[in-house]
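Please construct the entire structure, taking both the sequences and the accompanying hints into account.
The lines below spell out each chain.
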Amino acid sequence: MALGPYGSRHLPLLVSLYLVRKITIGSRVVSCTARHMAPAFVTPTETTVPVESLASENASCSVLTEILAPTHWTDCYQCGKCTAGCPVAAGVDMAPNQIVRALQLGNFEKAMTSDVIWTCVSCQTCSTRCPQSVDCAGIMDALREVSLRSGLASPEQKTVVAFQQAFLNNIRRNGRLDEIELIAEFKLRALPSERSLRFLFKDAGLAPQLQKRHKLHLRGEKVKDRAVVRRIFERCGDGKHA
Amino acid sequence: MRLAYYPGCALHGSSNDYEQSLRACLGKLEVEPQEIKEWICCGATAAHALNHKLSIALPARNLALAEQQGFEDMLAPCPMCSMQLLKAAKLMDEDAGLRREISAVIEAEVSGHVKVLNLIQVFQRIGLDRIKPAVKTPLADLKPACYYGCLLTRPPDVVKFDDPEQPSSLEAIMAVLGAKPVDWNYRTECCGAGMTMAKEETVLDLSQRILADAKQHGANCLVTACPMCHVNLDMKQGDIEKRYGERFGLPIYYLTDLVGLALGISREELGIDRHFVT
Chain A
1 MALGPYGSRH LPLLVSLYLV RKITIGSRVV SCTARHMAPA FVTPTETTVP VESLASENAS
61 CSVLTEILAP THWTDCYQCG KCTAGCPVAA GVDMAPNQIV RALQLGNFEK AMTSDVIWTC
121 VSCQTCSTRC PQSVDCAGIM DALREVSLRS GLASPEQKTV VAFQQAFLNN IRRNGRLDEI
181 ELIAEFKLRA LPSERSLRFL FKDAGLAPQL QKRHKLHLRG EKVKDRAVVR RIFERCGDGK
241 HA
Chain B
1 MRLAYYPGCA LHGSSNDYEQ SLRACLGKLE VEPQEIKEWI CCGATAAHAL NHKLSIALPA
61 RNLALAEQQG FEDMLAPCPM CSMQLLKAAK LMDEDAGLRR EISAVIEAEV SGHVKVLNLI
121 QVFQRIGLDR IKPAVKTPLA DLKPACYYGC LLTRPPDVVK FDDPEQPSSL EAIMAVLGAK
181 PVDWNYRTEC CGAGMTMAKE ETVLDLSQRI LADAKQHGAN CLVTACPMCH VNLDMKQGDI
241 EKRYGERFGL PIYYLTDLVG LALGISREEL GIDRHFVT
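First to last, the protein sequences are chains A and B. In this text, residue positions in the first sequence follow the working numbering: the first is 1, and each later residue adds one. In this text, residue positions in the second sequence follow the working numbering: the first is 1, and each later residue adds one.
No lab work stands behind these hints, which were simulated from the structure alone. Keep in mind the model is a prediction, meaning the values are calculated, not measured. There may be inaccurate statements among the hints.
Once the Cα atoms are required to be at most 20 Å apart in a straight line, the calculated DMTMM-like pairs of lysine to aspartate or glutamate come out as [what the hints assert, rightly or not]:
hint, chain 1, residue 1, chain 2, residue 2
1, A, LYS224, B, GLU38
2, B, LYS53, A, GLU234
3, A, LYS202, B, GLU200
4, A, LYS81, B, GLU189
5, A, LYS202, B, ASP205
6, A, LYS224, B, GLU35
7, A, LYS202, B, ASP239
8, B, LYS199, A, GLU179
9, B, LYS242, A, ASP203
10, B, LYS199, A, ASP203
11, A, LYS158, B, GLU201
12, A, LYS81, B, ASP239
13, A, LYS202, B, GLU189
14, A, LYS224, B, GLU201
15, B, LYS53, A, ASP115
16, B, LYS37, A, ASP225
17, B, LYS53, A, GLU66
18, A, LYS222, B, GLU165
19, B, LYS199, A, ASP238
20, A, LYS212, B, GLU38
21, B, LYS199, A, ASP93
In structure tokens:
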């Protein structure tokens with residue numbers, strides 16, 4: 001086996017890296033090379049598993065690496081402090097440090113399809129505590145953005161995705177949030193995945209409670225110049241969230 | 001103090017009791033924040049989760065509007081809004097190209113000279129030494145758990161406010177009001193934030209831990225400066241009690257409620273009677 005500049009003492013490391021990639025990536029691997037994604041682990045030898053790839057995956061990889069750049073994701077040394085402080089880590093498929101690890105190993109798709117990116121509450125504790133200044137919360141944002149654009153968002157997380165989309169659509173239309181309109185659009189968007197009448201009407205009981213406290217606005221506020229808001233959304237590449 | 005006011009959507013929506021309280025309280029201290037004309041939503045979690053550029057452009061538009069309207073200081077009482085505004089300002093400060101790009105996107109020049117303040121900073125600017133002699137009704141019976149939540153102090157390089165692990169600015173205000181804030185563990189833990197509708201169980205779970213820890217440490221109320229935290233801990237408290245079979249009965253106050261009460265403003269004027277837990 002040609003090990004290039006590496007002596008036999010590196011063999012176990014190379015083998016384990018290869019195996020980790022095999023196991024975590026499986027047969028279908030995103031097309032970026034390890035050299036491209038994980039400078040910390042890259043060796044001059046070719047450790048990447050050759051893969052057949054999809055053009056869209058290529059695109060999402062380069063978009064993702066670009067958006068990820070300011071997060072210092074390659075600096076993570078797996079101390080686990082992000083996960084220790086994460087309020088939702090206990091109940092998710094991948095902990096924050098595992099997400100960063102998956103990225104370093106070149107397994108972008110695994111990270112983008114993970115539940116945790118939609119369970120994350122953006123509390124910023126991970127980024128605040130990281131001794132390497134890795135912006136883990138920023139990584140979650142980048143993964144959400146590209147995962148949604150690439151149609152990779154986990155089906156279990158459709159409800160959260162529906163909420164965020166309904167929210168942005170609402171701002172796009174009104175400039176400010178119209179709560180009742182938001183709830184209505186969110187419920188309709190999430191209904192196909194929730195499939196229950198209970199979900200549809202669950203919060204209806206709140207209306208009279210809010211009404212009693214003068215907290216219910218049947219008509220939300222709108223800014224006057226809504227055209228400029230729409231133009232801002234368009235220039236940010238944000239069309240209507242279908 | 002000439003102060004721009006960026007209410008954000010929550011304070012003009014179901015958290016309008018916060019705005020009522022804020023106006024009553026600051027008015028008593030002779031501060032009249034002026035609402036920024038034509039302000040738009042900061043984009044909140046939805047923007048930063050789904051569209052990075054939009055999460056800079058939306059707050060930047062508001063910074064530009066405040067500049068155009070001649071303000072130098074801007075109060076954003078919602079910590080989500082103030083963090084988003086500060087983040088946009090920081091990113092544009094660090095990158096002149098981004099500033100130009102965003103100015104074109106939002107159709108307005110944004111120089112970045114407007115200073116964004118959270119509510120605690122406004123009280124600090126008024127001066128605790130000025131508030132102290134104005135206290136008419138010391139809150140001697142109150143043992144509040146001062147709850148900072150996430151975004152008042154995080155991310156620290158963006159908000160540059162207080163200590164992200166051991167903050168003390170709320171406790172300092174409580175001491176001036178004659179209240180006795182308790183020492184507890186969950187001051188900077190997350191309540192579940194904007195997941196109230198989309199992932200209710202996360203909110204109930206995280207908020208339960210906050211209420212339970214506050215209670216365990218002897219608090220008889222909780223004080224916050226965040227409208228989302230207030231929704232999750234106040235409006236959802238009944239649901240939390242039901243789900244966990246545990247009774248808390250902890251009133252949740254906005255910071256301006258307690259300052260206002262100490263200054264002699266009535267509960268009705270502050271809108272405290274509109275809370276769920278009273």
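These are the hints, each one checked on the structure:
{"no.": "1", "hint": "A/LYS224 with B/GLU38", "in the structure": "7 Å, holds"}
{"no.": "2", "hint": "B/LYS53 with A/GLU234", "in the structure": "11 Å, holds"}
{"no.": "3", "hint": "A/LYS202 with B/GLU200", "in the structure": "11 Å, holds"}
{"no.": "4", "hint": "A/LYS81 with B/GLU189", "in the structure": "15 Å, holds"}
{"no.": "5", "hint": "A/LYS202 with B/ASP205", "in the structure": "18 Å, holds"}
{"no.": "6", "hint": "A/LYS224 with B/GLU35", "in the structure": "15 Å, holds"}
{"no.": "7", "hint": "A/LYS202 with B/ASP239", "in the structure": "12 Å, holds"}
{"no.": "8", "hint": "B/LYS199 with A/GLU179", "in the structure": "17 Å, holds"}
{"no.": "9", "hint": "B/LYS242 with A/ASP203", "in the structure": "16 Å, holds"}
{"no.": "10", "hint": "B/LYS199 with A/ASP203", "in the structure": "13 Å, holds"}
{"no.": "11", "hint": "A/LYS158 with B/GLU201", "in the structure": "15 Å, holds"}
{"no.": "12", "hint": "A/LYS81 with B/ASP239", "in the structure": "32 Å, violated"}
{"no.": "13", "hint": "A/LYS202 with B/GLU189", "in the structure": "27 Å, violated"}
{"no.": "14", "hint": "A/LYS224 with B/GLU201", "in the structure": "37 Å, violated"}
{"no.": "15", "hint": "B/LYS53 with A/ASP115", "in the structure": "24 Å, violated"}
{"no.": "16", "hint": "B/LYS37 with A/ASP225", "in the structure": "11 Å, holds"}
{"no.": "17", "hint": "B/LYS53 with A/GLU66", "in the structure": "13 Å, holds"}
{"no.": "18", "hint": "A/LYS222 with B/GLU165", "in the structure": "38 Å, violated"}
{"no.": "19", "hint": "B/LYS199 with A/ASP238", "in the structure": "24 Å, violated"}
{"no.": "20", "hint": "A/LYS212 with B/GLU38", "in the structure": "29 Å, violated"}
{"no.": "21", "hint": "B/LYS199 with A/ASP93", "in the structure": "16 Å, holds"}
When held up to the earlier numbered hints, the structure conflicts with 12, 13, 14, 15, 18, 19, 20 and fits the remainder.
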